[in-house]
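The opening position of the sequence shown corresponds to residue 1 in the UniProt record's numbering, with each subsequent residue numbered one higher.
Hints may be right or wrong, so weigh each one.
Simulated DEER-style distance windows between Cβ atoms [stated by the list, open to error]: (1) A321 to R99: 35 to 45 Å; (2) S324 to A284: 17 to 27 Å; (3) A154 to F14: 16 to 26 Å; (4) K11 to D198: 38 to 48 Å; (5) D311 to F201: 33 to 43 Å; (6) A154 to N98: 27 to 37 Å; (7) E297 to A318: 38 to 48 Å; (8) R57 to K11: 29 to 39 Å; (9) K287 to R42: 37 to 47 Å.
Calculated directly from the structure, the hints in this document are not laboratory data.
Ideal Cβ positions, reconstructed from N, Cα and C, are used throughout, including at glycine.
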Amino acid sequence: MQVTYFYRNSKAGFSIAKVFGTVTREIAKTTTILEREVPARRADVWSVVKNVLFVWRHRDRKGINHITGDIHYCVVALIGCKSVLTVHDLSACHGSKNRLKKWLLEVIWFKIPVALASRVVCISEHTRKDLMVLTGRGDIEMIYNAVDPIYVPAPRVFNMSRPVVLQVGAAWNKNFENTVRALSSLPCTLVVVGTLSDDQFRLLHQSGIPYSVKNGLSEEGMLSEYYNCDIVSFCSVFEGFGMPIIEGNAVGRCVVTSDRAPMSEVAAQGACLVDPENISSMTAGYKRVMNDSHYREKLVESGFENVARYDAGKIASAYLAIYSTL
Numbered sequence: 001m002q003v004t005y006f007y008r009n010s011k012a013g014f015s016i017a018k019v020f021g022t023v024t025r026e027i028a029k030t031t032t033i034l035e036r037e038v039p040a041r042r043a044d045v046w047s048v049v050k051n052v053l054f055v056w057r058h059r060d061r062k063g064i065n066h067i068t069g070d071i072h073y074c075v076v077a078l079i080g081c082k083s084v085l086t087v088h089d090l091s092a093c094h095g096s097k098n099r100l101k102k103w104l105l106e107v108i109w110f111k112i113p114v115a116l117a118s119r120v121v122c123i124s125e126h127t128r129k130d131l132m133v134l135t136g137r138g139d140i141e142m143i144y145n146a147v148d149p150i151y152v153p154a155p156r157v158f159n160m161s162r163p164v165v166l167q168v169g170a171a172w173n174k175n176f177e178n179t180v181r182a183l184s185s186l187p188c189t190l191v192v193v194g195t196l197s198d199d200q201f202r203l204l205h206q207s208g209i210p211y212s213v214k215n216g217l218s219e220e221g222m223l224s225e226y227y228n229c230d231i232v233s234f235c236s237v238f239e240g241f242g243m244p245i246i247e248g249n250a251v252g253r254c255v256v257t258s259d260r261a262p263m264s265e266v267a268a269q270g271a272c273l274v275d276p277e278n279i280s281s282m283t284a285g286y287k288r289v290m291n292d293s294h295y296r297e298k299l300v301e302s303g304f305e306n307v308a309r310y311d312a313g314k315i316a317s318a319y320l321a322i323y324s325t326l
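All chains should be modelled from the sequences, with the hints used to inform the complete structure.
Structure (structure tokens):
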């Protein structure tokens, strides 16, 4: 068996390739794989056509072709071939306020690709249910993302006087502004990984919270930030999954995340759940983690139990089981 993986252009984002790399390294131990990156990063008509033609030229007529996410429309180039499509989230639809644009996205990015793919996989039960409702396809499967094996337990004495809170991301869905407001009354240092706008910098400055902002980190650099923090904050209002939750679990840090799916699904009992739209709820969650040592111990222990669900070998085996049916 041979599997060809198609990735979106890296200039459009590297998160999908990063997540799948953890899985493909395991699959490559027993299976021949090829990995291809489409040439165009935009979503205009010419870029879509260019990417579809690229996939058509590089498709494997006898093996398995796997569209790993985002460029769902490329499934049209795989008609007559064995194909697997992984859908990470429906943010393209949720983020559009223009009705015509939303309809086009639903049809081109989701309904047509899902109808044409031999197998469809979602990375959370939340996304699977949403996609089933949108497309009407009933045999969509769910396979979680895998945690990278480099994320291992790294004991750290909790900084009681001024804990370091790690905030991963600052995009609209990461709930950065509410996070800053919720922490402003608490003694802490905030480390933000992401690119901030002028308004976000202004809010940070006005909050009085000691902070540092980092971006463009390597995998090792990101791992170092997890090791050097006391709390991982990930109170997003929308996600397809939530890798920082399980990465925080894996290194043995307390995680504070949203009480809504899929974050609550991914975290299970391994995080303090708060209402991301209620600043008082968020503040109370952070405060409990900072002040209650027994609660912190419970969160860390539950986090280790939780992260076992995302073992790379288990996730790879789940995909191999799907490939074997084609």
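These are the hints, each one checked on the structure:
| no. | hint | verdict |
| --- | --- | --- |
| 1 | A321 to R99: 35 to 45 Å | holds, 40 Å |
| 2 | S324 to A284: 17 to 27 Å | violated, 48 Å |
| 3 | A154 to F14: 16 to 26 Å | holds, 24 Å |
| 4 | K11 to D198: 38 to 48 Å | violated, 24 Å |
| 5 | D311 to F201: 33 to 43 Å | holds, 39 Å |
| 6 | A154 to N98: 27 to 37 Å | violated, 46 Å |
| 7 | E297 to A318: 38 to 48 Å | violated, 32 Å |
| 8 | R57 to K11: 29 to 39 Å | violated, 20 Å |
| 9 | K287 to R42: 37 to 47 Å | holds, 44 Å |
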